Every structure is written in C-alpha cells, then in structure tokens.
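Modelling step: build the complete structure from the supplied sequences, incorporating the hints.
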Amino acid sequence: MAGRLKLAAQVLALALVAGLFGILVWKLARQDEGASEKLGRGQTPPAPSFRLDRLDRPGKLALAAYRGRPVVINFWASWCDPCEEEAPLLEGVWKRYRSRGLVVLGIDANDLTSAARSFARKNQMSYPIGHDGPGETLTDYGVAAFPETFFVARNGKLVCERLQGGVHLDRNRDRFDACVEEILSA
Amino acid sequence: MRLLAVTVAALALASPAAAACPTLADLEGKLICPTCKTTLDQSDAPVARQIKSYVQRRVEACASEQQIKDELVAEYGPAVLAAPPRKGFHWLAWLLPLAGLLAGAAVVSTLVWRWSRTRPPPEPSVDSNGRLGLDPELERRLDEELARFDG
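In order, the protein sequences belong to chains A and B. Residue numbers for the first sequence follow our numbering, so the first one is 1403 and each next one is one higher. Residue numbers for the second sequence follow our numbering, so the first one is 9 and each next one is one higher.
Hints are computed from structural coordinates only; laboratory data are not their basis. Small disclaimer: the values here were computed from a predicted structure and weren't measured. From the three backbone atoms N, C-alpha and C, an ideal C-beta is built for every residue, glycine too. Please note that the accuracy of each hint is not assured.
Said to hold, decoys possible - In silico DSS-like cross-links for lysine-lysine, where the CA-CA straight-line distance does not exceed 27 angstroms:
1. Lys-60(B) with Lys-1524(A)
2. Lys-95(B) with Lys-45(B)
3. Lys-95(B) with Lys-1429(A)
Unchecked claim - Restraint ranges, calculated between C-beta atoms of paired labels, are given here:
4. Lys-1440(A) with Val-120(B): 51 to 59 angstroms
5. Pro-1460(A) with Gln-74(B): 22 to 30 angstroms
6. Gln-74(B) with Arg-1406(A): 43 to 51 angstroms
7. Ala-1415(A) with Lys-95(B): 27 to 35 angstroms
Structure (structure tokens):
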C-alpha cells in the first residue's frame, strides 16, 4: 500500500514537472513567433492573421478578407502622439492607391474604444480600423512600440521592412513610399 | 424646520454611498499599465495616464471598484489587473502557490519525522577493566579463534 502511494506520488511529481516544462517550451515558442523578427532576418513570413472588432463601424476586420490585395497594416493608439502626426499620410495613401487595389488597415491596440473612436474621427481616418484592446496582435507581429507599419504582399506575406515610429518626410518617408510601391508592383 | 429635516435625510442617504466610492489611489496599485507592465502608481506612460484619467472619471461618477475593473478588463483584457480575478482558470494562480507551500511543508515535516526516528547505533560498552564489552556470541567465537592460534 505504501509502495503504491509512493509510486503515485512519484508519477504525480513527474507529471507536474513535465507539465511545467511543456508550458515553458510553449511560452518560448510563442515568443519566438514575432513576425517582425523573421522579417528582420530577411525572411518573408506570412502575415499573422487576425479577426478584430471594427472600430469604425459594426462588424469584424479580418486580414483574410484582403487576401490577394496589397495591404499596409498600421498599429496605433489614441494616446500616441506620433500616431496622430502620421495619420494624414496614411489616409492620403489609402485614398491615392485604393484604385490600384491597395488597402490600409489600422489596428488600434492597448486603447480605450471611446478614445480611439474620437481619435479616428478627429483625424478623418476613413480606412478600415480594428480594435485590439488587449493587444494580442502586437505579440503576433512583434510590435515593440507605437506606431509601427507593416507591408503585406498580394500573396499574404510580409515584405519590405517594418517601419518603427511615425512615418515622417524627414525620417523615413522615402522608405515608406518604396515599400508601398513594392507591394503594389509585386 | 422642514428644510433641516430634508437636509439631514439627504445627508443620511448620501453618506453611505459616498463612503462606498473608491478613490484613484485605491485602484492605482491594482491595475497594470499594458505597455510598461508595472502598476499604474509606478508608471507615467501615456497609456497609464489614459487609464488613470478613465479611472478618475469613473471614481467621480462613484462607480464601484469591481465595476471599474470589469470595464477595464473589457477594454484591455485581464492582463490589466495586477492580481488575477478569483474565477475560472484564474483560480490556478491563487491555488498553485498555496498548494506548493502545503506540499513543501508536508515534505519538510516528513523528513523531520524520519530524522527524529533514526537513532545512532549504541555506543559499545566498556567493562571494569577498560575492555570493550562484546556480544556474548561474538566473544565466544573470538575466544575460539584465539585459542586455535594459541594451540
């Protein structure tokens, strides 16, 4: 009887250790999944899918719905000043290139819905916007700070480079334009 | 007189409600800034300021602490809470440390109990001549062996 108890305790302890080890491996594997890291190594990983509540109107915003079209994904939040500075540029790109199939998608993350709606209204953002309050897409894409912009080719893969920080004429506007051209022509 | 009675009644009704209203300070240590992962009272990040401002507005409206927490969880997810909620899967975060503590205490108790039962071997006895007192059987066999050498 005592032997059985001892065996059961040993099995339980082993199962516990194995479970904790499994959680550790899973966590490490997930951390390594940031698409931006692969992009930084020169790879072209598939753009992580998402399905979010729309901020600009009822319904869902899913990346899968834009498969076959070049997509610019911009992560922003209403409390981020550079996000406000670059908002007119993104709106301009959306209006200029939408006839060529380009889509600009905004992802508002770590933000209050009401504040984000006011921000979008104030900056006259007419492109589709999804709301990701908990910021789950930030982990998938490997977003480190706001704003960040990614470029998705028609085949659904991330290309070019991610632009960290606001897109600004003096800083990275030429790179932004080059990436837009790349996804349009690919 | 009637005015005084109305005022007293209003104060009596208002006091418990006012006492139940939380303050920003009550909640700052219980909420996490989503970008910097510290509690709000230790953060001045823009998103932390946004949450503080929201909490302040809700506190002024006398929303309960739980109500404010629920609203923030709906906006930012459960990671906005410094301590996991006591429901569903989140119970594990509360119970596992307790279980670990109890298991540790059980292991230590068992070891101490075992050690207390383990007695050191008896000291060999010494007779009046200063010789070591041996087991009679061993002494007999030893005498036999020695006799064979003597013989």
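Hints and how they fare:
1. Lys-60(B) with Lys-1524(A): Status holds; Cα separation ~22 angstroms.
2. Lys-95(B) with Lys-45(B): This hinted pair holds, its Cα atoms lying about 22 angstroms apart.
3. Lys-95(B) with Lys-1429(A): Holds, at roughly 23 angstroms.
4. Lys-1440(A) with Val-120(B): 51 to 59 angstroms: Between Lys-1440(A) and Val-120(B), where Cβ atoms are some 54 angstroms apart, the hint holds.
5. Pro-1460(A) with Gln-74(B): 22 to 30 angstroms: 28 angstroms, holds
6. Gln-74(B) with Arg-1406(A): 43 to 51 angstroms: The hinted range 43 to 51 angstroms holds for Gln-74(B) and Arg-1406(A), with Cβ atoms some 47 angstroms apart.
7. Ala-1415(A) with Lys-95(B): 27 to 35 angstroms: Taking Cβ atoms as reference, Ala-1415(A) and Lys-95(B) lie about 28 angstroms apart, which means the hint holds.
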